[in-house]
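Trainee: Start from chain S and add chain R according to the hints.
Letter by letter, the chains look like this.
There are 2 protein chains.
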Amino acid sequence: MLNEYSSKFWTCTILFLIVHKLLHSGATMQHTWLYLLSGLSLSLVLLSRAEEGLEFPNFDGKDRVLDINERNYKKALRRYDLLCLFYHEPVPASKGLQKRFQMTELVLELTAQVLENKDIGFGMVDAQRDAKVAQKLGLEEVGSLYVFKDDRIIEFDGELSSDTLVEFLLDVLEDPVEIINNAMELRAFERMEEDIRLIGYFKGEDSCWYFQAFQEASERFQPYIKFFATFDKSVAKHLSLKMNEVNFYEPFMEEPAILPGRPLTEMDIVEFVHQHRRATLRKLRAENMFEVWEDDMDGIHIVAFAEEEDPDGYEFLEILKDVARDNTNNPYLSIVWIDPDDFPLLTTYWEKTFKVDLFRPQIGVVNVTDADSVWLDMSNDEDLPTAEDLEDWIEDVLSGRVNTEDDDEFADDPENDHYILEESDENPDTDEEDDGDD
Amino acid sequence: MLNEYSSKFWTCTILFLIVHKLLHSGATMQHTWLYLLSGLSLSLVLLSRAEEGLEFPNFDGKDRVLDINERNYKKALRRYDLLCLFYHEPVPASKGLQKRFQMTELVLELTAQVLENKDIGFGMVDAQRDAKVAQKLGLEEVGSLYVFKDDRIIEFDGELSSDTLVEFLLDVLEDPVEIINNAMELRAFERMEEDIRLIGYFKGEDSCWYFQAFQEASERFQPYIKFFATFDKSVAKHLSLKMNEVNFYEPFMEEPAILPGRPLTEMDIVEFVHQHRRATLRKLRAENMFEVWEDDMDGIHIVAFAEEEDPDGYEFLEILKDVARDNTNNPYLSIVWIDPDDFPLLTTYWEKTFKVDLFRPQIGVVNVTDADSVWLDMSNDEDLPTAEDLEDWIEDVLSGRVNTEDDDEFADDPENDHYILEESDENPDTDEEDDGDD
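Those protein sequence lines, which keep their order, are chains S and R. In case it helps, UniProt numbering puts the first sequence at residues 1 to 438. In case it helps, UniProt numbering puts the second sequence at residues 1 to 438.
Worth double-checking, as some hints may not be accurate.
For identical chains, the list gives no copy identity; a pair is met inside one copy or between any two copies.
Cut-off 20 Å, straight-line C-alpha distance, at most; resulting in silico cross-link-like pairs (EDC-like, lysine to aspartate or glutamate) [said to hold, decoys possible]:
#: 1; residue 1: K283; residue 2: E55
#: 2; residue 1: K283; residue 2: E308
#: 3; residue 1: K74; residue 2: E140
#: 4; residue 1: K283; residue 2: D341
What the hints contain is simulated information worked out from the structure, not anything from laboratory work. As the structure is a prediction and not an experimental result, all values here were calculated from the model.
Only chain S is shown next, with the shape it has when bound in the complex (with noise of 0.2 Å):
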């Protein structure tokens, strides 16, 4: 047994050598790469294993991320399919700081490493020093990653790890229209259940103004969207669909939404999206899920945890889609649910911050500025609450009546910061007859 040697962490060992050997050495990037890789190798020598096909990979030291700049990012966007390029604050003085940037490099380096057959470019543009490329390039936000596909431009907004980018960036290689062929692929639509999907019935592929409407539509929304197609009768009618005609599914919703307008225009659809992209539910998700964490709803987001995979937890979520479905025209409400199993690492950081016990369902309201939170006392019932408990609740946070200031009067003492909500004046009865009075 070899499995010791945990891979993802070993990566991340020899990037920081790497880092370290640049903050001490002062020798130019290329030198120490090179110089690097004969260090390593008694260190990969240990990964071998008495049973092949499940190697992680390791950091080779081979420098692949570009510096961009005015001579080369003309070449550098003709030469491969994607160009994925990290926006960046100059590279300041300090030691610490310039830590900060060689991570994100050396992040960006080993994703090249693995995508390496993908066509895919790494490069780096530098605020100040190349302000005028970015300029050209449509780069706005220090900070940022941004996918050049073809003639567009993706920002990317989660969780910058390898393997979160990895994902991504493969998910942007494929076809942003996926079509459905027959019964079986139809299932497996009607099974994403959690993702914003939009579905058109074309007459086909090629020629048809309709589906390439459809399509530079997708384009605009790859991968964070999904855009499906058929072109097939028996498909199109299962789902009630007509010639050129659009749906669009709301993450959990049952009957979609038809998509006004006729012909259907790229504008028209893209429109459309903007307006409904943030979901009455919506799953919170590495790729994205600074993005969804910064469009609050007036500082605020109502949070609900419900692991899937437990019993308990998936009762919870049909409970919430229930709400979400009888309150998808309220423009007021966004529930954001974290699946803790999705996030290992902040399941505890979570029940510490928060102050509730994610072996459990919770639901809550979080001030986004402070992490400042109340949640529904839920602990001393046998069962779940009803929709009905849940929506005259979601009424009351929607109202200010439950909010997370009231409980800081005991704010000196960071102890109370985070009160279990005990039922307001509003209810007093609620606790008793949690079951029983819908």
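Mentor: Chain R alone, transformed into the frame defined by chain S:
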């Protein structure tokens, strides 16, 4: 936008900084932690965000992993709900091997920090210095991680990264038997088709001999095999379960097996699970990936790649399930299903090693001693193979007609190592008639 700082990456970085200091300073571990606490503050400041609530933990430098020896092991066993011991070879003299050891220790340190409030102890047992303790504790395999819960030992054989280990330990902390109380929880149970599940119907939790035997059996397999129980008549009726009866669900099978023997003792259940544990179709997971890989069939695995979220992949997986259902009684067949989405960093490694395109579903035979492989050629087909096509191919694999050695006449040229299988002589017409020969 501050999400350019990959938190996982930072974590590793900080850990590495500590290792590096250990190697170069010669200080004791305790002092090194303390020394570094001050040095880390700059980096941590850089992680602050405008919005709160999604902070990945960074190692705080506090030493939580115990050095287990004859004097403290009994106390450690008594003190914690869980004790997690890494059984390791003596710390070697060479610097490279020392690093490896310290890396493992630091994966444990971060895990210990993240789970600090969960009453889990962590320790290292030296196979040479602490040989007696190891013997008393029943530690057998050097390089393994053992978890002690009550009077049981659970071996961890997955990827030793902090996130996989945290998730695993949180699962171990839960009750080994999950109770199914109502129709909604039953639906959650029925959806878990990827897992081996046992479910029993009992009178009640207390003073029920049958339930106790079931519970004790469950503890031996936690968290790898899921045990459920119900005390509810209508749930039992839906599952056709008689009182004190236990059903065993193989992954992806619709009909369960009824455990033989009445009354069912703990050993009856344990033996049945041991006999039926290797499923006809089993999903590869990070938590026990090496265990599954080591459990090969005469040196080979039949491996299927299918991305469940992709319509093509979903369709192929459904075909695989049909094949598995048709062949569930064949003890020589066990297909390892890998969803590439679960292993983003391995995807391109597999593509390179096996010379296959993982944007499409694939099935092949892998020789685990050298990762040599042959793959069913599905590239020319509009449609995926039928279940019958797959069964014919599997028959050829099991009979040895399809194997990884036949193409090795070119073995001297490494480029020719992993040819996609061309149709063998036995079935010269299959290529043209993939859809019609059933």
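Trainee: Hints first: check each against the structure and report whether it holds.
Mentor: We went through each hint and held it up to the structure:
1. In this assembly of identical chains, the alpha carbons of K283 and E55 lie at most 20 Å apart only when taken from different copies (18 Å versus 31 Å within one copy).
2. In this assembly of identical chains, the alpha carbons of K283 and E308 lie at most 20 Å apart whether taken from the same copy (11 Å) or from different copies (18 Å).
3. In this assembly of identical chains, the alpha carbons of K74 and E140 lie at most 20 Å apart only when taken from the same copy (18 Å versus 60 Å across copies).
4. In this homomeric assembly, K283 and D341 come within 20 Å of each other (Cα to Cα) both inside a single copy, at 12 Å, and across copies, at 17 Å.
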